[in-house]
Structures are given as C-alpha cells and as structure tokens.
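Enquirer: Sequence:
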Amino acid sequence: MNDRHAKNGLRFHSAEQGQGPLVMLLHGWPESWCTLRHQFAPLAAAGYRVVALDRRVYGRGDQPEDVRPATSSA
2 MNDRHAKNGL RFHSAEQGQG PLVMLLHGWP ESWCTLRHQF APLAAAGYRV
52 VALDRRVYGR GDQPEDVRPA TSSA
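My numbering puts the sequence shown at residues 2 to 75.
Hints were generated in silico from the structure; no laboratory data involved. Since the model is a prediction, treat every value here as computed from it, not as a measurement. Where a beta carbon is used, it is the ideal one built from N, C-alpha and C, also for glycine. Just so you know, not all the hints are guaranteed correct.
Stated by the list, open to error - Label-pair distances were calculated between CB atoms; the ranges are:
| no. | residue 1 | residue 2 | range |
| --- | --- | --- | --- |
| 1 | R12 | A47 | 28 to 34 Å |
| 2 | G10 | H39 | 30 to 36 Å |
| 3 | G10 | A47 | 33 to 39 Å |
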C-alpha cells in the first residue's frame, strides 16, 4: 500500500505491506523507497509489518520551497 501522510505542514509518502511487528526501512541518499521494494514481500511473509518512508525531496515526499545550491568551503 502506498499512502501520503501530513505532519507539521509537511507531506510524506510511505509504502507499507504486511501485519505484525513493525520493521521500518530507511533508504539512503539519493534513493527512494523503490530501492527497498524487494525487501517487502520476504519480510511481510515472515510476519512483519514493513514500512518505508520517502525522505523529503526524494520520491513522492514534499519538496522544500526554497532550495539553495549546496556549497562547501575548502
């Protein structure tokens, strides 16, 4: 199941499958929940509720309005 949640004025996208104890999957940068999709079925079949959230800016999560380029100083 894919869903969107709102908290403090921000919208987050999540993907969820199964029932039982929660297993939260967190993706790395610059990926989205889709990179974890192959983990869902085996974990759900093992009796877990699997949830993966899209981090802000990636996937279907909210995009910040004011995006400034990243800078670094040497």
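Enquirer: Does each hint hold? Answer for all of them.
Expert: Here is how each hint holds up against the structure:
For R12 paired with A47, a C-beta distance near 30 Å keeps the hint of 28 to 34 Å intact. With their beta carbons about 33 Å apart, G10 and H39 fall inside the hinted range of 30 to 36 Å. Between G10 and A47 the C-beta distance comes to about 36 Å, which sits within the given range of 33 to 39 Å.
The structure agrees with every numbered hint stated previously.
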